[in-house]
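What follows is the residue order along each chain.
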Amino acid sequence: MTKSTEKYRRVPSTVLGTLLRWFDQSSAWLAGDHVLLARRALWIERYNRFYFADIQAVTICRTQTGLVWNVLLGTGAGLLTFGGILSGFPPAVLVWLAIFTLPLIMNILLGPTCSCHVYTAVNTHKLPCFNRLPKAIIFLQTIKPLIAAVQEEVSDEEIAERAPLIPPIRWIAPGAPTPRPKRHYAGQVHLILLVLLFFGAIVSGLQLLSDAELLTWLTVILLIAQLGMSIAAAARQSGTDISSGLRAVTWCAFAHVLVMFVLFLILSVVASPQASERSPEFDLSTEGADDFSTTSAASMMHYMMNLLSMLFSMILCFTGRYLLSSFRDDYRLRRMAARARIRTLDKQET
Amino acid sequence: MAISCPKCGHQIHATRFNKPAGACPGCGSQIIVAAFASLVSAPSDTGAGQRLLAADQASCFYHPNKKAIVPCDNCGRFLCALCSVDFGGRRLCPVCIESGGGGESPGELDSSRILYDKLALFLAIIPTFVTQLIAIFLAIRYWSSPISIPPRGPLRWRWILAVIVALLEIWFIYELIFGDILG
Numbered sequence: 001m002t003k004s005t006e007k008y009r010r011v012p013s014t015v016l017g018t019l020l021r022w023f024d025q026s027s028a029w030l031a032g033d034h035v036l037l038a039r040r041a042l043w044i045e046r047y048n049r050f051y052f053a054d055i056q057a058v059t060i061c062r063t064q065t066g067l068v069w070n071v072l073l074g075t076g077a078g079l080l081t082f083g084g085i086l087s088g089f090p091p092a093v094l095v096w097l098a099i100f101t102l103p104l105i106m107n108i109l110l111g112p113t114c115s116c117h118v119y120t121a122v123n124t125h126k127l128p129c130f131n132r133l134p135k136a137i138i139f140l141q142t143i144k145p146l147i148a149a150v151q152e153e154v155s156d157e158e159i160a161e162r163a164p165l166i167p168p169i170r171w172i173a174p175g176a177p178t179p180r181p182k183r184h185y186a187g188q189v190h191l192i193l194l195v196l197l198f199f200g201a202i203v204s205g206l207q208l209l210s211d212a213e214l215l216t217w218l219t220v221i222l223l224i225a226q227l228g229m230s231i232a233a234a235a236r237q238s239g240t241d242i243s244s245g246l247r248a249v250t251w252c253a254f255a256h257v258l259v260m261f262v263l264f265l266i267l268s269v270v271a272s273p274q275a276s277e278r279s280p281e282f283d284l285s286t287e288g289a290d291d292f293s294t295t296s297a298a299s300m301m302h303y304m305m306n307l308l309s310m311l312f313s314m315i316l317c318f319t320g321r322y323l324l325s326s327f328r329d330d331y332r333l334r335r336m337a338a339r340a341r342i343r344t345l346d347k348q349e350t
Numbered sequence: 001m002a003i004s005c006p007k008c009g010h011q012i013h014a015t016r017f018n019k020p021a022g023a024c025p026g027c028g029s030q031i032i033v034a035a036f037a038s039l040v041s042a043p044s045d046t047g048a049g050q051r052l053l054a055a056d057q058a059s060c061f062y063h064p065n066k067k068a069i070v071p072c073d074n075c076g077r078f079l080c081a082l083c084s085v086d087f088g089g090r091r092l093c094p095v096c097i098e099s100g101g102g103g104e105s106p107g108e109l110d111s112s113r114i115l116y117d118k119l120a121l122f123l124a125i126i127p128t129f130v131t132q133l134i135a136i137f138l139a140i141r142y143w144s145s146p147i148s149i150p151p152r153g154p155l156r157w158r159w160i161l162a163v164i165v166a167l168l169e170i171w172f173i174y175e176l177i178f179g180d181i182l183g
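Read top to bottom, the protein sequences are chains Z and U.
So the first sequence is numbered by this note's numbering: it starts at 1 and just counts up by one.
So the second sequence is numbered by this note's numbering: it starts at 1 and just counts up by one.
Bound conformation, chain Z alone (with noise of 0.2 Å):
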């Protein structure tokens, strides 16, 4: 192992990398014979060392979040321009409106998300610098050379070749807690969540057609329960054996509660008292449109969102139910054949 030179220079990242660097909570450094990796919290900076020497493999896996984010932001300013354009773009309107899009062009420049993770003999860390896939190619086209001139010079059909022959090793620290399994779990919570969000979708339903008092309250009531339920089923499910569907329906009901939580906020700002006595400012009848007025443009706002909650909650819903009822099948089947297998072995015991 070389001396290192302690001249750390940042790995080179694209143009809007740099500019956004200052909010990065991670960073990677090069330096002669290693890379450092610095994350932050708060004023604690923790840093691990990668010895070229020591890095075996470096993984670059385009992940969805940048995708997930580009969907519930576009939703978001889509209907935002769409009451915005209803109402004659109010002030409150524009501020929401600049709050879904600048992320969203932000999302969209950064380029698709990805999880980097380098590989050494004895264990796999995760680089969250890395988290942009431009940025991971990136890197990694600069330490290729750098590993290459430090490591044995092997070509790429003998790593292929060789590779094979290596078992699959589990290495745990002298002294180290052996990994806990994943406990089961029912789904409990999870199904509570799912019938507030059929409820949810009722409720907004018979919004469609109604525009009584009492169902406005009961929205409220139901997306405060549904925003609970969802962070309790979200923090249930830590760690244990549920269906990655599950999980994901449980952040698409999170995603589409807050949402929804903050479309029901913006409605009532535009569709309030201050609001309507703005209207003839931003009336669109001044400009020639006669036929809506701030309050219908609000109330056209609201039919499309409960229009769309109503058929998002029924498509969670419905999901929902059916991953849960396959989890629980799943469970059962192989709970009952690891009885049988127990069965057998007492009978061959006796």
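Mixed in with the good hints, there may be bad ones.
[Unchecked claim] Here are the computed distance ranges between Cβ atoms for each label pair:
#1 Trp171(U) / Lys7(Z): 51 to 61 Å
#2 Leu258(Z) / Cys8(U): 26 to 36 Å
#3 Tyr174(U) / Phe261(Z): 39 to 49 Å
#4 Gln11(U) / Tyr322(Z): 21 to 31 Å
#5 Arg156(U) / Ala186(Z): 50 to 60 Å
#6 Asp330(Z) / Pro127(U): 52 to 62 Å
#7 Arg183(Z) / Ala2(U): 21 to 31 Å
#8 Leu214(Z) / Trp171(U): 53 to 63 Å
#9 Arg328(Z) / His10(U): 53 to 63 Å
#10 Leu258(Z) / Gly179(U): 45 to 55 Å
#11 Gln25(Z) / Gln57(U): 47 to 57 Å
#12 Gln11(U) / Val95(Z): 30 to 40 Å
#13 Met304(Z) / Trp143(U): 18 to 28 Å
[Said to hold, decoys possible] Calculated pairs, DSSO-like style, for lysine-lysine (alpha carbon to alpha carbon, straight line, at most 27 Å):
#14 Lys7(U) / Lys19(U)
#15 Lys126(Z) / Lys182(Z)
#16 Lys144(Z) / Lys126(Z)
#17 Lys7(U) / Lys7(Z)
#18 Lys7(U) / Lys182(Z)
#19 Lys7(Z) / Lys126(Z)
#20 Lys118(U) / Lys144(Z)
#21 Lys67(U) / Lys126(Z)
#22 Lys19(U) / Lys144(Z)
#23 Lys126(Z) / Lys7(U)
#24 Lys7(Z) / Lys144(Z)
#25 Lys19(U) / Lys126(Z)
[To be verified] One side of the interface only, derived from the structure: several residues of chain U facing chain Z at Cβ under 8 Å:
#26 Ile3
#27 Cys5
#28 Lys7
#29 Val33
#30 Val40
#31 Phe61
#32 Asp110
#33 Ser111
#34 Leu115
Simulated from the structure, these hints should not be mistaken for laboratory data.
Ideal Cβ positions, reconstructed from N, Cα and C, are used throughout, including at glycine.
Put chain U on the given structure of chain Z with help from the hints.
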């Protein structure tokens, strides 16, 4: 070490190494695997250390029954072949590596650091007399000490800002308490 998909844990076959992005057979995610020579090369044999043959021979500090071959470059303890770790051209014992080199090699072995300038700035912002004083103390005490291992620019602007904010707030608190009463 076997290379597996970070998403689903499915082991990636070696034929996919050092190729353009391909789909993981487990979850279908696009994955790039760059494998290097150390993945297939045999690990180097460091030796387990020789047993003591004579009573007057120096023994390892951590293994009294094994022959010492080198002293630790940081703490000076005698080490056997098993305990001696080649680190950045120096021979160190595992304890010195764990403790960050005993402060004699700044930046080389540290696994974490407290960013006192950030802490001082944070404390300076909190509008209490005590935190302002702590912020000024931190700025004086740690002004010239190393802050972060990676370079953070030549200017210690956080220190300066923390002191200015702390002094301004102390003056403001003083004026608020005594200014009205005396004036």
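Hints and how they fare:
no.: 1; hint: Trp171(U) / Lys7(Z): 51 to 61 Å; in the structure: violated (42 Å)
no.: 2; hint: Leu258(Z) / Cys8(U): 26 to 36 Å; in the structure: holds (27 Å)
no.: 3; hint: Tyr174(U) / Phe261(Z): 39 to 49 Å; in the structure: holds (45 Å)
no.: 4; hint: Gln11(U) / Tyr322(Z): 21 to 31 Å; in the structure: holds (30 Å)
no.: 5; hint: Arg156(U) / Ala186(Z): 50 to 60 Å; in the structure: holds (57 Å)
no.: 6; hint: Asp330(Z) / Pro127(U): 52 to 62 Å; in the structure: holds (57 Å)
no.: 7; hint: Arg183(Z) / Ala2(U): 21 to 31 Å; in the structure: holds (26 Å)
no.: 8; hint: Leu214(Z) / Trp171(U): 53 to 63 Å; in the structure: holds (57 Å)
no.: 9; hint: Arg328(Z) / His10(U): 53 to 63 Å; in the structure: violated (25 Å)
no.: 10; hint: Leu258(Z) / Gly179(U): 45 to 55 Å; in the structure: holds (47 Å)
no.: 11; hint: Gln25(Z) / Gln57(U): 47 to 57 Å; in the structure: holds (52 Å)
no.: 12; hint: Gln11(U) / Val95(Z): 30 to 40 Å; in the structure: violated (50 Å)
no.: 13; hint: Met304(Z) / Trp143(U): 18 to 28 Å; in the structure: violated (59 Å)
no.: 14; hint: Lys7(U) / Lys19(U); in the structure: holds (19 Å)
no.: 15; hint: Lys126(Z) / Lys182(Z); in the structure: holds (22 Å)
no.: 16; hint: Lys144(Z) / Lys126(Z); in the structure: holds (17 Å)
no.: 17; hint: Lys7(U) / Lys7(Z); in the structure: violated (35 Å)
no.: 18; hint: Lys7(U) / Lys182(Z); in the structure: holds (17 Å)
no.: 19; hint: Lys7(Z) / Lys126(Z); in the structure: holds (23 Å)
no.: 20; hint: Lys118(U) / Lys144(Z); in the structure: violated (35 Å)
no.: 21; hint: Lys67(U) / Lys126(Z); in the structure: violated (40 Å)
no.: 22; hint: Lys19(U) / Lys144(Z); in the structure: holds (14 Å)
no.: 23; hint: Lys126(Z) / Lys7(U); in the structure: holds (12 Å)
no.: 24; hint: Lys7(Z) / Lys144(Z); in the structure: holds (19 Å)
no.: 25; hint: Lys19(U) / Lys126(Z); in the structure: holds (21 Å)
no.: 26; hint: Ile3; in the structure: holds (5 Å)
no.: 27; hint: Cys5; in the structure: holds (6 Å)
no.: 28; hint: Lys7; in the structure: holds (6 Å)
no.: 29; hint: Val33; in the structure: holds (5 Å)
no.: 30; hint: Val40; in the structure: holds (4 Å)
no.: 31; hint: Phe61; in the structure: violated (19 Å)
no.: 32; hint: Asp110; in the structure: holds (6 Å)
no.: 33; hint: Ser111; in the structure: holds (6 Å)
no.: 34; hint: Leu115; in the structure: holds (5 Å)
Violated hints, listed in ascending order, are 1, 9, 12, 13, 17, 20, 21 and 31; each of the other numbered hints is respected by the structure.
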